[in-house]
Amino acid sequence: MTTSADQQNGMKILVIEDDPTVRTLVKAVLEHRGNTVSVAETASEGERLALENNFNMIILDLRLPDGNGYDVCEKIREEGVTTPVLVLSAEHETDVKIKILNVGADDYLTKPFNSEELMARLDAIARRSVPKGVDKELVCGQLKVDLITRKMIIKENEVDLTNNEFNLLVYFMRNKGKVISQEELAKNVWNIHFDTQTNYINVYISYLRKKMREHTDYDFIETVRKKGFVFQCE
Amino acid sequence: MTQLQRDVLVSGKTSFKIEVPYKLIENGEKGKEKPLIVYLHGFGENIKTFSEKCEPFLDLEAYHLFIQAPYPLYDRSREKNVSDWGRAWYLYDGNRGQFIKSLELASEFIQEIIDKLLNVISANRLCVVGYSMGGYLAGFFALTRWKHVNDVAVVGARIKTEVLQSNWENVRHINVLAVHGTDDKSVKYEPQKKEIEKLKENGLQAQFKLISGNHDFSSIYIQEVLNWLKESGY
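Taken in sequence, the protein lines are chains A and B. Read left to right, the first sequence gives residues 1 to 234 (our numbering). Read left to right, the second sequence gives residues 1 to 234 (our numbering).
To be clear, the hints were calculated from the coordinates, so they are not data collected in a lab. What you are looking at is a predicted structure, and each value in this text was computed from that prediction instead of being measured. All C-beta atoms in this analysis are idealised placements derived from N, C-alpha and C, irrespective of residue type, glycine included. Among the hints, a few may not be true.
If you want the footprint, here are the derived chain A segments under chain B, 3+ residues with CB under 8 Å [unchecked claim]:
| # | segment |
| --- | --- |
| 1 | 90-104 |
| 2 | 168-175 |
| 3 | 209-219 |
Calculated cross-link-like contacts (lysine-lysine; reagent style DSSO-like; alpha-carbon spacing at most 30 Å) [said to hold, decoys possible]:
| # | chain 1 | residue 1 | chain 2 | residue 2 |
| --- | --- | --- | --- | --- |
| 4 | B | LYS101 | B | LYS193 |
| 5 | B | LYS53 | A | LYS144 |
| 6 | A | LYS178 | B | LYS34 |
| 7 | A | LYS151 | B | LYS193 |
All chains, please: the whole structure from these sequences, using the hints.
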């Protein structure tokens, strides 16, 4: 049976907390279990450390002297940091909890908490964060899409995509093998429900094809005359 | 006679623990990675009645998790044992705040059970199936615990997309099925139909199945969910 100590041995953990009592206690408990702990007292410092290092876990206080935990979490997620985040909050309000989850945190723990509760929560997050359930990437032959970092990877080459290109590619990959009309793409990718009389879809498809062709000769997106497009894997 | 002064010194809220049964059934090769399907019953049902109804799902190779709702509905006739009483998932008096708070508490409770089980099982996908009151909860759980949920099937309820606070990108990986009866007098089908349209417009794979029937979880509804699960690779 796995125990807290087993789960959290040897992890690199960032604690972003301005309250010295909580910070010291959390650090001591985590270090006692064999983890390496870095601490930040402000939102900006925490954000910088999270972006510059590869932590296994981030423990984030919601109220910080120069900002709040929501913004830190949102920012690091936007920057592609997928490290599990446990938010510590003194707020018991449900809206706060939902907002915490919506900005990409993995769980929350309301203060006051005891160290066993903290460890149990970290265990659970660590288990859940093993990438086996939720789609974190889509694969189609030599093409991969990382749904967290929002990048396309072809033959180990990372390719940056704009939001529209990314959404278009994900839609194609989730509907591979199926003929997709321009109307369907307009509706599901751009949320446009009327004919704009422009060829923006063709333009984005050409951008996407161009980025793909820089790394492969295979044509993933095939045009089906008068019907639309079909996304095929090799 | 001297008038005594009466003051409320403290008033607050705390929690009270009750025992709630859950049951995990494994179908398929022991120890092999497989999907986890969580079943949430409707108002007035319990783990026993609902797991009997859900018998057809048990043929799927998966872990099947049945959880009983926490709030008991007293049997004033005293004809039933406590284990046979109906149960409810949340408290609802028409107040939105109370509703959301109660849904969040129930979601925490479900998450806690899943977290505990992930210690001992190896799940590669998570689906939540909910009917009526359990359907509202299934939708709420999927939209707030989007990191861990792959698929959600809601029968005779409405998916409360308002909790997303426009964070559509987070949930685009979730496949959604809504099944509703044309003559459902308890929960009208039109609002759910609108929610499914909204989900589709925002890039989710969502389906709405309207079938001839009332507010029910009978074999025809179960068959729809079962077909969808099979089509989705379960």
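Coverage of the segment 90-104 of chain A by chain B, judged on three or more residues with CB within 8 Å: holds (count 9)
In terms of beta carbon proximity below 8 Å, does the segment 168-175 of chain A have 3 or more residues touching chain B? holds (count 3)
Does B/LYS53 pair with A/LYS144 here, judged by a C-alpha cut-off of 30 Å? violated, 41 Å
Quickly compare the C-alpha distance for A/LYS151 and B/LYS193 to 30 Å and report which way the hint goes. Roughly 33 Å between the alpha carbons, so the hint for A/LYS151 and B/LYS193 is violated.
For the pair supplied as a hint, B/LYS101 and B/LYS193, is the alpha-carbon distance within the 30 Å limit? holds, 25 Å
Distance restraint between A/LYS178 and B/LYS34, which requires alpha-carbon spacing of 30 Å or less: Holds, because 27 Å separates the two Cα atoms, which is no more than 30 Å.
At a Cβ distance under 8 Å, does chain B reach at least three residues of the segment 209-219 of chain A? violated (count 0)
Checked against the numbered hints listed earlier, the structure breaks hints 3, 5 and 7; every other hint is satisfied.
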